[in-house]
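Engineer: Could you put the whole structure together from the sequences, leaning on the hints where they help?
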Amino acid sequence: SQTIHQWPATLVQPVGSPLSLECTVEGTSNPNLYWYRQAAGRGLQLLFYSVGIGQISSEVPQNLSASRPQDRQFILSSKKLLLSDSGFYLCAWSYGLDQPQHFGDGTRLSIL
Amino acid sequence: QQQVKQSPQSLIVQKGGIPIINCAYENTAFDYFPWYQQFPGKGPALLIAIRPDVSEKKEGRFTISFNKSAKQFSLHIMDSQPGDSATYFCAVIILTGGGNKLTFGTGTQLKVEL
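Those protein sequences? They're chains A and B, same order as listed. 33 is the number of the first residue of the first sequence in the working numbering; add one for each residue after it. 659 is the number of the first residue of the second sequence in the working numbering; add one for each residue after it.
Hints should not be assumed to be uniformly reliable.
[Said to hold, decoys possible] Label-pair ranges, simulated between beta-carbon atoms:
| id | chain 1 | residue 1 | chain 2 | residue 2 | range |
| --- | --- | --- | --- | --- | --- |
| 1 | A | D103 | B | Q667 | 34 to 44 Å |
| 2 | A | N95 | B | N685 | 24 to 34 Å |
| 3 | B | E717 | A | D103 | 31 to 41 Å |
| 4 | B | K673 | A | Q105 | 36 to 46 Å |
[As the list claims (entries may be wrong)] Derived pair list, reagent style SDA-like, types lysine to any residue, alpha-carbon separation capped at 20 Å:
| id | chain 1 | residue 1 | chain 2 | residue 2 |
| --- | --- | --- | --- | --- |
| 5 | B | K700 | A | D137 |
| 6 | B | K716 | A | P132 |
| 7 | B | K700 | A | L79 |
In short, the hints are calculated from the structure, not lab data. Heads up, the beta-carbon is just placed ideally off N, CA and C, and yes, glycines get one too.
Structural biologist: Shown next as structure tokens:
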């Protein structure tokens, strides 16, 4: 069966520091991968998605970037974190862009 | 622009009640409508989905009703329990320049009280 792993579960970072969140999927090949951000009590904002290695689509302009160095690995990065980058970051995968998405348990990011 | 509108934003019901969450959409690429359930501190999980060759689908205490002409679908939770307290998201598939994409509603925070 397929599983998705995100780490770390929680992270506290100072303003201006770099960021790297990692997501890996097991049990499938060539998945579509997604990064979402969720503010407290709010909906899901799609940040990036990828349909293959090295292919990244950005949904909203922001201080973050994404990379997909391997088929089942998706990384969310920032060179300099802003206070507004705080939130709950979720990674997800699917077989296709119009197929059900399966989420990891997220990373709670707090910027001080 | 918002492609799917979800309501209410929050909902409180008594144990045993039947909360109803509604979603309305504008345009879809495919007729496939999933619902997700999210507990605090966890990622959303696929709960139930409908393809509207039928107008209603039941899985346990969860029922999706679909009205294609009105472009609306709703989630009903029968005999709701405190363990159903969670945030619920509907979703639709939108045709975009980059291909078909699953787009989520804004979510409904449900609280089931004893």
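Engineer: In ascending order, which of the hints set out earlier in this document are inconsistent with the structure?
Structural biologist: Of the numbered hints, all hold.
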